[in-house]
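Using the hints provided, position chain B relative to the given structure of chain A.
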Amino acid sequence: MKYERLARSGRSLGRWHTLWLGEDHLLAVVSTGYSEEYTRYYLKEIQAIVSRRSAWGKVLNAVSGSLLAICLLAGIVGYGNGLTPASVTAGIFGGFFLLLLLWNLLCGPTCCCQVRTQVSIDELPALNRTRSVRKVLARLRPLIGRLQGEITREEISELTGKVTDAPPAASPAATGMKVADSAPPLAENTISPYRGGFHLAAFSLLIADGTVSLFQILHSPKFLGYISAGLNLFFLIFAIIALIKQTKHPLPSLAKWMIWGGIATIATGIIIGFMFVGFISFEDFQHGIKTKNFAFDTAALAASHPVFAFYLLFYALLEAGIGIAGMIFLFRKMNIAGRDRT
Amino acid sequence: MTLTALCPASVSCSGCGMPLAGERFNSEEEFQCGNCGARVAVEVFPALFRAAGGVKSGEPLSTAGEASCFYHPQKAAATLCSACGRFLCTLCETELAGKCLCPSCIEKGRQSEEIEQLVTQRTLHDSLALSMAILPMLFFFVTIVTAPIAIYIALRHWKMPGSILPRSRVRFVLAIVIALAQIVGWLAFLVRVVL
Numbered sequence: 000m001k002y003e004r005l006a007r008s009g010r011s012l013g014r015w016h017t018l019w020l021g022e023d024h025l026l027a028v029v030s031t032g033y034s035e036e037y038t039r040y041y042l043k044e045i046q047a048i049v050s051r052r053s054a055w056g057k058v059l060n061a062v063s064g065s066l067l068a069i070c071l072l073a074g075i076v077g078y079g080n081g082l083t084p085a086s087v088t089a090g091i092f093g094g095f096f097l098l099l100l101l102w103n104l105l106c107g108p109t110c111c112c113q114v115r116t117q118v119s120i121d122e123l124p125a126l127n128r129t130r131s132v133r134k135v136l137a138r139l140r141p142l143i144g145r146l147q148g149e150i151t152r153e154e155i156s157e158l159t160g161k162v163t164d165a166p167p168a169a170s171p172a173a174t175g176m177k178v179a180d181s182a183p184p185l186a187e188n189t190i191s192p193y194r195g196g197f198h199l200a201a202f203s204l205l206i207a208d209g210t211v212s213l214f215q216i217l218h219s220p221k222f223l224g225y226i227s228a229g230l231n232l233f234f235l236i237f238a239i240i241a242l243i244k245q246t247k248h249p250l251p252s253l254a255k256w257m258i259w260g261g262i263a264t265i266a267t268g269i270i271i272g273f274m275f276v277g278f279i280s281f282e283d284f285q286h287g288i289k290t291k292n293f294a295f296d297t298a299a300l301a302a303s304h305p306v307f308a309f310y311l312l313f314y315a316l317l318e319a320g321i322g323i324a325g326m327i328f329l330f331r332k333m334n335i336a337g338r339d340r341t
Numbered sequence: 000m001t002l003t004a005l006c007p008a009s010v011s012c013s014g015c016g017m018p019l020a021g022e023r024f025n026s027e028e029e030f031q032c033g034n035c036g037a038r039v040a041v042e043v044f045p046a047l048f049r050a051a052g053g054v055k056s057g058e059p060l061s062t063a064g065e066a067s068c069f070y071h072p073q074k075a076a077a078t079l080c081s082a083c084g085r086f087l088c089t090l091c092e093t094e095l096a097g098k099c100l101c102p103s104c105i106e107k108g109r110q111s112e113e114i115e116q117l118v119t120q121r122t123l124h125d126s127l128a129l130s131m132a133i134l135p136m137l138f139f140f141v142t143i144v145t146a147p148i149a150i151y152i153a154l155r156h157w158k159m160p161g162s163i164l165p166r167s168r169v170r171f172v173l174a175i176v177i178a179l180a181q182i183v184g185w186l187a188f189l190v191r192v193v194l
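Protein chains in written order, with numbering that gives the first Met the number 0: chain A, 0 to 341; chain B, 0 to 194.
Some hints here could point you the wrong way.
Unchecked claim - A few chain B residues that face chain A, going by a derived Cβ cut-off under 8 Å, partial list only:
#1 S9
#2 V10
#3 S13
#4 C15
#5 E27
#6 F30
#7 C35
#8 A37
#9 R38
#10 A46
#11 I114
#12 E115
#13 T119
#14 T122
#15 L127
Said to hold, decoys possible - Derived CB-CB ranges, DEER-like:
#16 G32(A) / L79(B): 55 to 61 Å
#17 D121(A) / G97(B): 23 to 29 Å
#18 R140(A) / A66(B): 40 to 46 Å
#19 I243(A) / G33(B): 25 to 31 Å
#20 R7(A) / F139(B): 30 to 36 Å
What the hints assert, rightly or not - Some chain A residues near chain B, calculated using beta-carbon distances under 10 Å:
#21 G21
#22 Y33
#23 E36
#24 T38
#25 R115
Since the hints were derived computationally from the structure, they do not count as laboratory data.
Cβ coordinates follow ideal geometry from the N, Cα and C atoms, glycine included.
Isolated chain B, as found in the complex:
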């Protein structure tokens, strides 16, 4: 990598905020911060020395018949949205999940959680159902209410997207099995009391 393409930069100590000596970076060994004496290890990558790219503004239209951006009629179209096919200028195009998307499609994808890269939070309904099946067993009598709730949660959210991390449906299955066992137990108890 040529030095001319890179800009000077520094890395600060995470303890005291003072810049650290660059000679010791990427050495896999810890060294002491000159200011606070904390032992630090720093691994830097070329992105640190790359100047921040200028803000994209989009190319203005050069001829009257030229295709224009759907969102900015005065800007020349540079690409197509992979989802809706609208013309986009360089200002509007966003590369995400290997596709070039327009702001509208990104927003739709975020709301519907279809684009996994935009998901920032997920509720773990399987853990919720399992807890609802197990924890109330400490106070046995409440299971008459919580067991059906656990089954409802498990079935209602069976196909809903859960964690984006690798995770099986074993918690859902366990929740249903335990809750069914509780219901069967209650039925047996009630039948015995009535008869």
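Chain A on its own, in the form it takes in the complex:
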């Protein structure tokens, strides 16, 4: 059987997703490099293709843009003393993040795409850009139309309108609806008593750590380093619980993303902190100086290198910003819910 590739992407870790078009079916392929798994969706059975914009593209832009800015800043400040290892490394990393940013911008907005049949609703990870979804739909529309017939937008509007206008007593069998459609929406059906407490705690910890980090730019006592590490630890614990809770709770998607943003910020902060210590150790080694122990002493690290002071300022503002934004998104949802109840 001949297959024509429609889309490809490598979204999940260590697994490549591709979408192929056969004579009468779509073939979703998940490859690990050494094996392939196939799922077929016959064109005559496809009921709908739904794509929903996701925030991945924006998150990737924000992360790569921020890291590019940090690298540029580090490169410019480091270049003041000539071509140092720090400025060269910052330039290399900056170039990488610039390429990443450009690639993401060129690919366009991201989305989650689902294919719906009579018996299943499956995600198509290969279609994770709105542009590729449009291309694939343009390719599929005539093929599916040939097998299933054509339907006008007026007919669709009328038929879907009948469902929403139907009295609640109408049974799925009578209307021909799928049980999943006639059942109450997921958000109402599986609501849990969770009201976003862990999210609130995690965002509060982010704001607190951002404030502590701001103080650390000054020559503050070492105990602030311990406080910051503790806040980070507690944030990660609360964030993990929040991630588990948010999978089954209709919280605003932006608040959910802020949790991911907080985790990414702290993880990046830890990595960059270690990178700075590595650079300083390397420079000290070149000059034959014994490196100071910077463990929990961020203030000393900031004092020893102006680039790190800039980075710490950016990191603190980003942390506090994510925390405040997360709280706003969370409270806005609570206010809407409160208004609905009254």
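Okay, now just chain B, sitting in the frame of chain A:
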């Protein structure tokens, strides 16, 4: 298409599960979900509005001399299995790959992987052989063992069905060439050490 042949149905938002407004479907433009505010685009096809077909039960035998289904002697035969020729009732017939097959032939085809439409997983032995030839080069000494293994995998699976997607045998060839080069290198090294 006449509306009388179609049944009402709805499509839910993939983010919040709420039904979406049908007026905006098939417009190639994104619109906001009324509940969660996510930007969605929906393309629906006539199959969505078609009522689910009833379960086939097969026609019972009407006369004593009528041909019956091989698997259901009380049901009237409606067709022949394209592979084994057994009589089948409407309950047993399955159309696959342009043929009408009985459950037994489908199972045989699935086990032997002769029916491509039933294949759900394949191992890519060519990639495995190539990796076995290349990756151990990072730890050079192990290639004395892995090079013959790479050749064995390549030759053993040369004719076995690989990916159902378009794929050449270039990985097998590369694996054999690289592994042979490693073996030749080891032989040259050993000969030099011994002599």
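So, going through the hints one by one against the coordinates:
no.	hint	verdict
1	S9	4 Å, holds
2	V10	5 Å, holds
3	S13	5 Å, holds
4	C15	5 Å, holds
5	E27	7 Å, holds
6	F30	11 Å, violated
7	C35	7 Å, holds
8	A37	5 Å, holds
9	R38	4 Å, holds
10	A46	5 Å, holds
11	I114	11 Å, violated
12	E115	6 Å, holds
13	T119	5 Å, holds
14	T122	5 Å, holds
15	L127	5 Å, holds
16	G32(A) / L79(B): 55 to 61 Å	43 Å, violated
17	D121(A) / G97(B): 23 to 29 Å	25 Å, holds
18	R140(A) / A66(B): 40 to 46 Å	44 Å, holds
19	I243(A) / G33(B): 25 to 31 Å	28 Å, holds
20	R7(A) / F139(B): 30 to 36 Å	34 Å, holds
21	G21	9 Å, holds
22	Y33	5 Å, holds
23	E36	5 Å, holds
24	T38	8 Å, holds
25	R115	7 Å, holds
In summary, the structure is inconsistent with hints 6, 11, 16 from the numbered list given earlier, while agreeing with the others.
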